[in-house]
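*Asks:* Please model the entire structure based on the sequences and the hints provided.
Protein chains: 2
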Amino acid sequence: MDDMLLPAIQARYACRRFLPDPLALEDVASILEAGRLAPSGFGLEPWRFVVVGDADRARVAEACFDQPPAATAAGLIVIVALVAQLDPQSDYVRARFDAEARGAANEPVYDAYRAVYRSDSIAAWAIGQCNFAVAHMLLQAAHLGLASCPIGGFDSTLLARTLHLPDGEVPALVLAFGHCAHAAPERLRKPLA
Amino acid sequence: MDDMLLPAIQARYACRRFLPDPLALEDVASILEAGRLAPSGFGLEPWRFVVVGDADRARVAEACFDQPPAATAAGLIVIVALVAQLDPQSDYVRARFDAEARGAANEPVYDAYRAVYRSDSIAAWAIGQCNFAVAHMLLQAAHLGLASCPIGGFDSTLLARTLHLPDGEVPALVLAFGHCAHAAPERLRKPLA
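From first to last, the protein sequence lines stand for chains A and B. Letter by letter, the first sequence follows residues 3 to 195 of the working numbering. Letter by letter, the second sequence follows residues 3 to 195 of the working numbering.
Please note that the accuracy of each hint is not assured.
Identical copies look the same in the list; a pair holds intra-copy or inter-copy alike.
Said to hold, decoys possible - With a Cα cut of at most 25 Å, we get these calculated SDA-like pairs of lysine to any residue:
#1 K192 / M6
#2 K192 / P152
#3 K192 / G155
#4 K192 / L39
#5 K192 / R18
#6 K192 / T74
#7 K192 / A13
#8 K192 / A16
#9 K192 / S92
#10 K192 / Q12
#11 K192 / R50
#12 K192 / F99
#13 K192 / P9
#14 K192 / A101
#15 K192 / V53
#16 K192 / L21
#17 K192 / L7
#18 K192 / F67
#19 K192 / D93
#20 K192 / Y15
FYI, nobody ran anything at the bench for these hints, they're computed from the structure.
*Replies:* Following this line, the structure appears as structure tokens:
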């Protein structure tokens, strides 16, 4: 089985502390591109990727309660869920559905979307969709020989303020990248059966 | 950039209609293994993978409103979110946190989990977590040269009944796999900027 399994899946693990070695810019670009190519429900790609600049790093780490992977990572990318844009009446949805229809009528996808859209649950849905992009980015990092850690524990309000997110955009996850300061831990997983 | 990007990410697309050619059993096993190795919040792996047997295929496709990818796929796997198991008091959570603590005290992770657990939002969270496993499985299929399609539109109650899911388990997504009956479509994505 092992030689059949995608090498990046086998290589990825959650790094808990990073070395200070900087990331190459082209590696960051390639990680972003991997996220951009992720699938999403209705093709809505309800995300935005914010690369944290040097000026904001300490405050983003603070919003992550200074957890070691956030505080030590050479690179931080915040995956932001585009919640307000998902209103069926938005220009954003129209643009995505026009693209998805590939020149045909976009009404069937609109009808399907209106049937499932709920304003009170769309934020959780959008945040969950971001996990597709996150998984791609984590595997792309592994493919590049980089370590990574997804960080789901943060002060969402503080993080949104630090990044100057507009209303209707919600931080979904913080991704820490870099060269890991420790060896890959033994993998813990439930058995398949 | 292209040669730096994970080949499976570049190869994956949503196949809308599959050929009847059967899947190799070892390919199905390898797709399941890829899902098993996915990351998850708190290491809770709140999922179960149900490989749909021949006897249930037509009814699962029906629960997916007979959408062509569901109706034509050689293989269907339902990703099921383990919602009830995520109660902080459950034996399931205890077992995962004991494993995650790697012999140390599991209280810090319990404290963090209790601080964010909400019984009224845990289902949406668990379903969103399943997207990590789904992304791994889609990329693993691409790595094996197989086409795939994630299907999010289904009658959840009918699907749960068809699969005899116990209370507290919720279908998150249906994955269709096989050999695609059409060429990869032109890729549609928002630009990076």
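*Asks:* Now, for every hint given, state plainly whether the structure supports it.
*Replies:* We went through each hint and held it up to the structure:
1. K192 / M6: Within. Shortest intra-copy distance 20 Å satisfies the 25 Å Cα cut-off; inter-copy 32 Å does not.
2. K192 / P152: The answer is both: 20 Å in one copy and 23 Å across copies each meet 25 Å.
3. K192 / G155: within (23 Å within a copy, 28 Å between copies)
4. K192 / L39: The answer is between: 9 Å across copies meets 25 Å, while 29 Å in one copy does not.
5. K192 / R18: Only inside one copy: K192 and R18 sit 21 Å apart there, 32 Å across copies, limit 25 Å.
6. K192 / T74: For K192 and T74, neither the intra-copy (29 Å) nor the inter-copy (31 Å) Cα distance is at most 25 Å.
7. K192 / A13: within (18 Å within a copy, 29 Å between copies)
8. K192 / A16: within (17 Å within a copy, 29 Å between copies)
9. K192 / S92: Result: close only across copies, 16 Å inter versus 42 Å intra.
10. K192 / Q12: within (16 Å within a copy, 30 Å between copies)
11. K192 / R50: between (32 Å within a copy, 10 Å between copies)
12. K192 / F99: between (39 Å within a copy, 12 Å between copies)
13. K192 / P9: within (20 Å within a copy, 28 Å between copies)
14. K192 / A101: between (40 Å within a copy, 10 Å between copies)
15. K192 / V53: Close across copies (17 Å), not inside one copy (33 Å); limit 25 Å.
16. K192 / L21: Answer is neither: 30 Å inside a copy and 33 Å across each miss the 25 Å cutoff.
17. K192 / L7: within (18 Å within a copy, 30 Å between copies)
18. K192 / F67: neither (29 Å within a copy, 32 Å between copies)
19. K192 / D93: between (43 Å within a copy, 14 Å between copies)
20. K192 / Y15: within (15 Å within a copy, 29 Å between copies)
In summary, the numbered hints that this structure violates are 6, 16, 18.
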